[in-house]
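Trainee: Here is how the chains run, residue by residue.
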Amino acid sequence: DSGVTQTPKHLITATGQRVTLRCSPRSGDLSVYWYQQSLDQGLQFLIQYYNGEERAKGNILERFSAQQFPDLHSELNLSSLELGDSALYFCASSVTGRANEKLFFGSGTQLSVL
Amino acid sequence: GEDVEQSLFLSVREGDSSVINCTYTDSSSTYLYWYKQEPGAGLQLLTYIFSNMDMKQDQRLTVLLNKKDKHLSLRIADTQTGDSAIYFCAESSNQAGTALIFGKGTTLSVSS
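Protein chains in written order, with this note's numbering: chain A, 1 to 114; chain B, 1 to 112.
Be a bit skeptical, because a hint or two may be false.
[To be verified] Straight-line Cα separation of at most 20 Å, SDA-like style, residue types lysine to any residue; simulated pairs:
1) A:K102 / B:S27
2) B:K36 / A:F69
3) A:K102 / B:S28
4) A:K102 / B:S73
5) A:K102 / B:S17
6) B:K104 / B:G40
Note that these hints are calculated values from the structure, not bench results.
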């Protein structure tokens, strides 16, 4: 158990809908990362937060947004969903978010868009 | 751009050694990582190597780094069926803040 909690584990929805994925980092970790894993693209970095502030952006679509709350949990919002958004979404956390820190991953949320 | 490349599949017999290879692009990466993903689970950090090292050994795992060729390998000695999983190589990236950039993963299949 990495200590990173993601909910829900599975989510099935329809195209055009909006969903929210939730992540609680390990106790004491201030930085949260979101990744998308799909068969064709592999693991793609989406976005990173540190102590409530956005720190880095990767390949995140404009239809997607995220935030980190004062209690350090994070939410990833996916809107106007398309079939191609079906993927496994991972959250990871690290202590300070500095370069070369180890990342600890949650078990992921499997999103299926029908 | 940045890219981490790995072969997609490796099949070995139980008891043999497995060698998973990776090439990376960012020569400024200070650490390079190997993660393991079992079915239905998240990524688990297996080991990492500091870029000024050539080799790191951790029980059955040996990591070799050739910085000149930007080549990283993971050797698993005495491979067991429980080692069957997807193995990801990762580097830190200046362009992605402090996030890690992952390869697409090598699926290791161990037969008894």
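Trainee: Regarding the pair A:K102 and B:S17, is the alpha-carbon distance no greater than 20 Å?
Mentor: violated, 26 Å
Trainee: Sort out whether B:G40 lies within 20 Å of B:K104, counting only the CA atoms.
Mentor: holds, 17 Å
Trainee: Going straight from one Cα to the other, do A:K102 and B:S73 come out at no more than 20 Å?
Mentor: holds, 19 Å
Trainee: Just to be careful, I want the Cα atoms of B:K36 and A:F69 compared with a cutoff of 20 Å; is the pair within it?
Mentor: violated, 29 Å
Trainee: Take the C-alpha atoms of A:K102 and B:S27, compute the straight-line distance between them, and say whether it is at most 20 Å.
Mentor: Judged against 20 Å, a Cα distance of about 19 Å means the pair holds.
Trainee: Please verify whether A:K102 and B:S28 have alpha carbons no more than 20 Å apart.
Mentor: holds, 17 Å
Consistency with the previously given hints fails for numbers 2 and 5, ordered from lowest to highest.
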